[in-house]
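Visitor: So you can see what is in the structure, the chains are spelled out below.
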Amino acid sequence: MEEAVITQELDLDSRPVGRIALLREFWAYFSENRGAVFGLFFFITIILIAVFADFIAPHAPNQQYRDALLQPPFWQSGGDLRFLLGTDAVGRDMLSRLIYGARFSLFIGCIVVSMSLVVGVILGLSAGFFRGRLDTFIMRIMDVVLAFPSLLLALVLVAILGPSLINAMIAIAIVQQPHYVRLTRAAVMSEMTKDYVTASRIIGVKTLRLMFITVLPNCMAPLIVQAALSFSTAILDAAALGFLGMGAQPPAPEWGTMLAEAREFILRAWWVVTFPGVAILTTVLAINVMGDGLRDALDPKLKRS
Amino acid sequence: MFSYFIRKLGVIVPTFFGVTLVAFVFIRLLPGDPVLLMAGERGMTEERHAALMAEFGYDKPVLIQYGIYLKDLFSGDFGTSIITKQPVLKEFFTLFPATMELSFCAIFLAVFFGLPAGMIAATKRGSFFDHTVMTGALTGYSMPIFWWGLLLIIFFSGILGWTPVSGRISLLYYFEPVTGFMLIDSLLSGQKGAFVSALSHLILPAIVLATIPLAVIARQTRSAMLEVLSEDYVRTARAKGLGPGRVIGLHALRNAMIPVITVIGLQVGVLFAGAILTETIFSWPGIGKWMVDSIFRRDYPSVQGGLLLIAAIVMIVNLVVDILYGFINPQIRHTD
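Chains H and U, in that order, are what the protein sequence lines are. FYI, in our numbering the residues of the first sequence are 37 to 341. FYI, in our numbering the residues of the second sequence are 317 to 652.
Bound-form chain U, shown alone (with noise of 0.2 Å):
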């Protein structure tokens, strides 16, 4: 287990060096020098230029800005929005519980209904119901999440009314955060009413950024249940005369589980990419929201920042996922 622990870490460490370097030289890419894109129409004296260049390091070579970068980096310096003036890594984890909270729902709503429904399936394979839930999950699966968002507020904003277009409560609740969680905060506030508002200002956003991982999630569980199905200890379990409550319940789906436990995991850079469409159609103030604002308004520091911070989140759950999954299945362990 400990080697294989260090194995992966010999592939990740790498490429998180990878994806600094990405940061690193996104800045630099841009056409034209940094200082100027940040100065945006104003333009500059000469002299100010000079200064600024060598206030952000940008007259050294450029290893030794990289050098410089990672060292900033390690010291838990990810750079400073030039719109906000303020530290990268604050801004990122003030907004990042609000699509923390977004993407929990959606993966629960997704496990929550695409489980049971792939397990139906596959244990009432070719039935009308096992039809329904394919198609259903091949067209979730080639949805444009940005219009399914959009079809939902003119249904159940415009037409019926019941739900908010935008934000994550009431401007007539404030409480402090706790957890940053609204649900969570508004249930500790207190306040009448409060969680509900929060409620449906989350419902929508949520079913859309689930959407693509439920579709993903049911497939996968369908096809590994089927999988499972055909071997012979689940044939020596019914042939024992079991129910097939828990032939398919215990026996079954414990081993099914196992890639559909590694599909789940690796949806998280799939949430990240869904929550930047969710959040921007419906004012979601979270990250995806945040990169995307930043991207529009030159907001470079913040970009790279928010980038790689991403980035590495999505590597961290890829990490435990790939050790979850060598804990629970031994095999992996001891392939390359």
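Pulled out of the complex, with its shape left as it was, chain H reads as follows (with noise of 0.2 Å):
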């Protein structure tokens, strides 16, 4: 929705061939902004805390310890070395549940993004491919859902489902089609018009073929980057569908549903409503810095000055 067009001069000639090269190509662009790669690395080693949670985490993440109720974290007074992070209103450990979060919003993002952009990529791919009533129909549906504020539709979604993690992200899944559905769509009507389309039509091509893998492939790069943006915004989502108990449900350590459970405490215990939070805030943010990054490199039409 923003950016300005920068004309480069791609000399054709020179550009890289082959996988590795391309992949160096990639790398090159995208280590220029030193935010993305430091968000990567967050990211990355995210991934790694949610893998190895079993090993890292020094407590089961809902293991109650009944003599230390609201312990604060382990530099102020009152503190254990036992719980660095501090202990919730029921005695867990916070840095432990943290860790276990890790895993859900995960999960979640993952879940999220592969279920839109499957659909998306079907539905847009078909709208821009045969365009017609079939095109009209889908857009119009997409208008619809656009036409609701994303959370409230979301949440209105998961009430007729019923409150669970799963619905919230199958909720948070249909809100986010219509990105990826105008993405393919624009992408492919854009590719349509180049000669090699022609060129595999007239040589006999398939449709289905033609669809999935001579045209989708060059559609590919507003997707990546889309997927990644809407990665952080399904973390974001679903721990304020979490917060407001529609999301995952208690006892689960997922980050949003810890800080409703904190609510309470606001004002006794800064640290059981603190860390979840900051713990969205970076992981969202990390995302946020490596799509930003993602783009920079991928698509040098949409690059920003």
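Since the hints were derived computationally from the structure, they do not count as laboratory data. There are no misleading hints in this set.
Label-pair restraints from in silico Cβ distances:
(1) D609(U) to V126(H): 22 to 30 Å
(2) N98(H) to L503(U): 51 to 59 Å
(3) Q285(H) to R613(U): 18 to 26 Å
(4) F444(U) to P253(H): 38 to 46 Å
(5) S226(H) to R614(U): 44 to 52 Å
(6) F143(H) to K387(U): 41 to 49 Å
According to the in silico footprint, chain U covers these stretches of chain H (three or more CB under 8 Å from chain U):
(7) 177–184
(8) 191–202
(9) 271–277
Just so you know, even glycine gets a beta-carbon here, dropped at the ideal spot from N, CA and C.
Join the two chains into one complex using the hints; note that each chain is given alone, in its own frame.
Guide: Have a look at this one:
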């Protein structure tokens, strides 16, 4: 929705060929943006934390220590090195819950992005490829979805489906759908005018093959960028739904749900409120910074000036 | 211009019917039948059930039900709340000014700080200020605003004790609403301290709601400004010897404003989504909190009516923005 167009003089003959060379070219562009590289490393760290949560976390996420309710972090008076970031109202270790929470957020991001990407690509590809009534029909439905504020629609969908993490993910995927459809459709429509598509048609390439194998790969750049950005939106929205009691249900150590449980202690125990939010913010920020870098590297047309 | 308007209308009308269809289908998609849902745990006899099904028209074919629903909508009947027994339309517009006031203040804050920040960042590109603004904007954009609200409460209400935690005004003051905007009404009432009380209730929720629009506006202004500053006519203006204030303030800003205005208009949907969270945290008696409460109270007619009204408002505002955009920028009228 933003950004200046930078016309780059591309020397077509010296462009690298082959996967490795392409990856190297991508990395050269991507690593220009130091923030993006930092975001990438932060994101990889979170993935590692999520994968190895069983080994890293000092306690089980739902283990209640009845002798240590609402204990502050270790550097405050009354803190205990046993619980580095303190404990919550029923004596569960904050640090361990945050570590296990990373699993939820990454899981949510992956599932939501895959669902909306797959369905969005199929719908957008069909709309852009066949045009006509099918196109109008699909795009009108997407307009309807976009007419509702996203969080409100997600909330109502969860009310229909029943509050749970899975339903929250489905609702968020539906709400994010139109962006993928519109992007794919626009990219497909601009590809369809190119010579290689006409050539493929003339030599008799079958429609499905033409759609998915010939055209689609050339539309991937904006979709990858959108996937990165909607990964972070998915985490934010799922946390918001969890906070409203419509996402993951307690005692799941999902960050938004943890915040909802912590609300009544905000004036007594700052740590139960502060840390889950810091976890959400830093994760989302890292992914957004990374997404900006991805956009600059993959899509010179959208390049930020 | 007229054909542009007609074309926009041609898109919005089918979309509106789609929205009514979503609102209509919503109640029928809920698990269980709607009458039993409203009865909740109590249950009811067979005859009473049948009578209620007939009363609400649920025994008719679905298409006819939709027809009746549309007819009711166009005669201004948006359903009746099953909790308060009030018409949904009336409830909505009683609470709507609270959300409007909050949203206006939020968008004011966002524009007031976002525009200059983006402009200065663009003119001092690469400077420390630029980096700070862009980092801040990205952080704001990534902010879980419900947590941000809680942090502000901890700091300003808990530690400093400056602001109240919830509501719109202290219970000490009472006056009849005139405009529905507490800031204006409190001034009109002439009661001492009423305005300060209203303002202290409003400030934190407004900051929270402004966060994301502020980030978006700052980023958008910066990139629009950068684009314009590299245009030939700006170079010409500079070459003519015009001062930087005049070049940036007059020549560049005017053209940079076009995309920015659109973005500001498009924040309405974002504001509603944000209002759901902000109003819940600050117990602000507006539409967002009412929607969440209605969902939890299983007051489905209210949810249905609210969903439709909010979507309608968002669509109307977007239409107005589109038309304004076509008005400011003639190019857009002639492209598809």
